[in-house]
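Chemist: Working from the sequences, and respecting the hints, build out all of it.
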Amino acid sequence: MAFRSWNYLRSRAGLSSAQSESDPMRAFIDGQLTDDMLMNIQTLANLFDYPDNDSLKIRHIHIRALQVDAAVLYVEGAADGQAVERTIIRPCLENDQQLDAHQPAERINIIKQQLLPSLAVKESETYQELNDALLHGNTVLIIPQSSRAIIIETPGFEYRTVEMPQVEQVLRGPKEAFIESTDVNRSLIRKHIKDHNLRCEKITFGKRKQNTALMLYMRNIADDQTIQRVKKRIEQVESDAVTNLFLLEQSIEERPYSLLPSILLTERPDRAAAFLQEGHVVVLMDNSPVALIAPITFWALFHAAEDQYQRWVVANFMRLIRLFAMLVTMLIPGVYVAITTFHVEMLPTDLMLAISAARERVPFPIVVEIIFMELTFEMIRESGVRVPAPIGTTIGIVGALVLGQAAVDANLVSPILVIIVAITGLASYIIPDITLNFAIRVQRFMFILFGYMFGFFGLALYMSFVIAYLVSYKSFGVPFMSPLAPRLPASRDMFTRSAFRQQWLRPSNLSPKEKFKQHKPEGN
Amino acid sequence: MIRRLWLTVAMGMMSLALAGCADRVEVERLAHVVVLGLDYEEGNFINVTFQIANPQVGSTDRGQAEKEPPTDIVSIKSTDVVTARELANTIIPRQLDFSHLQTLIISESMARSPVFHKTVSSLVRIPEIRREMSMIICREEAATFIKKNKPRMETRPHKYYEYMLDQWAIRAVVPDSNLNGYLKNLAGELYLVIYATTERLEDEIFENEALYRAGEVPAEETDPVQMMGSAVLKEGRMIGTMNGQETRYAMLLRHEEKVHSVISSFPDPLKETERVTVRLLKTESAKLKIDVSEEVPRIEAKVKLYGQLLSTEGMENYVTNLDHQELLEQTIEDVMTRETMDFIRRTQEEFRSEPFNWHNQVRKKFWTWNDYIRYDFIGKYPRAEVKVVYEVEIENFGKQFEPVTVNDKHAE
Amino acid sequence: MQITDGKIGAREILSMIVMVVGIKATDTTPNMMIYHAQNAAWLFSLMIGVVMLIPFLVLLRLMGRYRMGLYDLLVHLTGRWVATLIVAWMFVWLFISAALNTRSYIDIVNTLFFPQTSLYFMCLFFLLFSWLVAKRGFETIGRTSWLLLSLVVFISLVLSVSIWQDMNLSHLYPLLGPGLGDLLKETPRHASLYAELVLMCFMLPYATTYRSFRQGTLLGYGLSIFVIVLLNAYYVMVFDYPAVEHISFPYQQLTRAASFGRQVAHIEAIFLGLWIITAVMHFAIYLYLTAYLFARTFRIHEFEPLILPLTGLCLLLSGFPKNVVQINEIRDMVISSASIVYLALPFVLWGLKLWRDRSS
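These protein sequences, in sequence, are chains R, Y and V.
Here our numbering runs 51 ahead of the position in the first sequence, where the first position is 1.
Here our numbering runs 51 ahead of the position in the second sequence, where the first position is 1.
Here our numbering runs 130 ahead of the position in the third sequence, where the first position is 1.
Just so you know, the hints here were simulated from the structure itself, not pulled from any lab data.
Backbone N, C-alpha and C fix where the C-beta goes; we use that ideal spot for every residue, glycine too.
One thing to keep in mind: the hints can contain errors.
Said to hold, decoys possible - Mimicking BS3-like on lysine-lysine, the simulated pairs with C-alpha atoms at most 25 angstroms apart in a straight line are: (1) R:K525 / R:K571; (2) V:K137 / R:K566; (3) V:K452 / R:K525; (4) R:K564 / V:K137.
Stated by the list, open to error - A few chain R residues facing chain V, derived, Cβ under 7 angstroms: (5) L510; (6) L512; (7) A536; (8) P540.
Modeler: Dropping the structure here:
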């Protein structure tokens, strides 16, 4: 089969050569299918740079039932080859009943209704749609004299099976995690919410509108304004490089330079489902083993998945420990610097003498000592993440034990400092969300600086700023510290939580349409 | 652009701040004074003794310096504490710091001199000085006292005073005295301060253990310091001493003071030569009735004490015999009342003021400060009619019912 | 429901009142009270509280009737020019107070904790952070205050427990101190100690409803007075009367006395920290209010950008007084001279309203 030149195609399509010099493909994508089958195939082939580019496959077949030739197009790697063979080619070739149809529209109907056993079949008449369909792993069937093509869903992207969560582990609770496929992820959420009100919208974005994200929300709960805000923000994303949620998160957040995240990524379907039912919006994308949740509050970051699954006492105990750990991580090094350089009287005399005795042989000021140790600790942690798994286990032992002990022996640091840094490091792991964890760890250095500058005076000044910032911070219009400040009606689920039965009220900082989860429990 | 400007401003400020704050001192550059001694010198001078803790001895295994002494003691003659501290820094390489100073030792001669109040009230001006600092008055020079005080079981001196303080809080043979209390009691009432010494006075040996003063307790071959009884301060000057028993009665008669454990011996009512030892607890505040309607104040104090029988030297049965019990209670009450009345007479005649904080209760009888001042309770106290009632209730007899006797009849 | 519409509820107003009035128990105000009322300082502070409450209730009533904030009310009842004059005067008064108080707060920190550090430098940092909080808007100030209110309550409880042993109830007697006559004479002179309450009325338009404003101010005022009375009583109970008069910074001295057993005895730096956090809120509110009043005086619509230059000016002004004694003197003068205005203003407005009602 001969391929005609670009100019010929252009003239058939009625385009002047000047019009589309910048992007020759663009002009064709915007166009409509013609009734010339070869022409249609040719255009698509050109779009994919066929035959130099090996990805597009064109298979010519003869549909026996209709006695016509047709072409099957699919992208290798995107479409599932076996599915194409089983659901398209074989029925077309093997069905030998004689069906009479001469009009192209009739033919298409017959193919759709009688020949193809596939679940999802649709028609299209623009190159844009065909192009998208091919890229998403679907197969296109083109028949002669028709300006419409049939799209059959045969996606065959490779993905792993559903596994256990890697980051948000629990002792009690479901143990499934999201994977890199939107369909699977959506079904994982559906499994938790069997409700017809769960709405799933497809949003395309990027310059070529080729990236898609699925936005899920509860139609009867989520606030319309919030939904629109999230949707608009996603649609405004210009870049085509945003191919997963991690990039999307950064593209749609309000304050990219802020330490605080305004969006949460979770890898747990049960958490995503819980957020949905409180009125949050969940966004799913391919290639992302997580769900994006917006808007969020501080509590979404502070709470762990397990908090609701554990019994009341246990859960609250864990949360108090977590709160304590958070304060320890953020403040202890700064407080230590403040005390030892400004407020020596705060230490019990014995401890003060012990510290001072140990410090006497250390050549550096306390602030240098502590920054040195904290940086070392951060390095150990970072190398622990980057190091290949088989040699990973040695890092912890070498770093923590040998380094600390050796530093003390060499009089580089004082022994109490090793304790301080170790406690700080240990406590920082208790914070469940990784972004909050990072934020707090970075803050720690600010507190060291202010503690060194002005002791408790400096710590307090900076703390007041941090609190004011936390309060004024907003995620998609929702105040970060709500429903605590501003205080809004909600079931108590902040630093501590009330018993599960008592959580009958949805947090109203998200302006839910339905305010109650259940009837107010009687009695107790 | 704006962001960069911000950054510059912020960086500038930070560097300023790092250079600017002059109060930053590393902990090991400080010489921590843990005991401060004040002595009176001729002229307008005082002798200030600093006992400085050496962190490298007895605090941690790491950084141990074995040949150094646990403390360094420096005495400086000067006009006040602040200048003495400055002078001391010409000798000591580290900056003298008072933030861990918890004990103030004053010599008796100092306490009796007019310089005393001046020095103490200017001491309070130093920011690090705490009003909760304990005050001790010693019989000899404070410098000598500090030098001689080498407790055998405590390497670090602050630990010694800390443990002693905890003892005092319950035993009540010495008062709990601190700067705040001293500053509160300057209007003519008596303030009692712990009395201590390293000297040994060979006086007499008392049957009643509380009659000793510091230095009189018969003990041999032990820590040099004894703390017992109290120094009496009035209007910012020391005017006398009290022994342990008097101090104890002063505490018992105070309205608000709780006394946890007074172990005291009393003559055995059934056997005159022997003594019975009892632990007395004052768990309720003393009930005071003060009548100020007339020229002479009339005071009635009622003190309820709970007792525990500890030992009976006379081998009498006070446990199962109810009559004996009542007799014992009666005896204790009588003895205590008699001794208390003697003590009160002493305060009225010798000190001409009261150590019981009764003036605090008298204040309640007046509406305005001027009325109270005009009434002049302290001035009238020497003529006051005081009545003291003790109510002793023995509620616990220890783990033995009857004294175990040799040749017990039941054993046969 | 839109939740971030820039309005604040009763809780936020309550906590702001505590931050702006209640905190006065911890600066040098008690010195003034003890100076005038001896050991009855707690009673004195209560009396001032009651005296200031009456005109405030009148004002509340008026605002409730017209459903407008104090500024609109002034314009409505006294006319544009008189209103501007009154607001200008209030601005000057508040601005001087802000500068003096900044200086006095920093003086406290400087004397007790950082004696060798440059005072000016600390003022700079302190005001910088107050501005950082203030520039985030009234809504944020309110919400942060509310978040911190629990902290304030918590500190007060901790402080109460930790100094329990050192307190002696009998020091409060004789109950009337210098006598009822003296107290009554001094009370109206010092009414403007709590004048910020009147100034908060400018912020009525920021409240969600008039009802929540009324609730918030009254409860907040009650809580503030309670805290002030309590702390004044503590000072006398711990230090006793003639001695307490010589203490320059009673709250800080009190926190030095706070202890839990012998080992946790010196925790005043923690109290300092928590106190500074509330102080930052206090000055953030001050700065915001001054900017508001300034803007109203000169009819500037957008007033939040004004906070920065005013902060700078405040910093300059706070450097003028020589020392804390001079500050206290000026402060006493400022307070006693302004009292009559704050006491009389609501009644004057009420009279104007009656006159208007009759003439119409």
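Chemist: Could you tell me which of the numbered hints above are not met by this structure, giving the numbers in increasing order?
Modeler: Violated: hints 1, 3 and 8.
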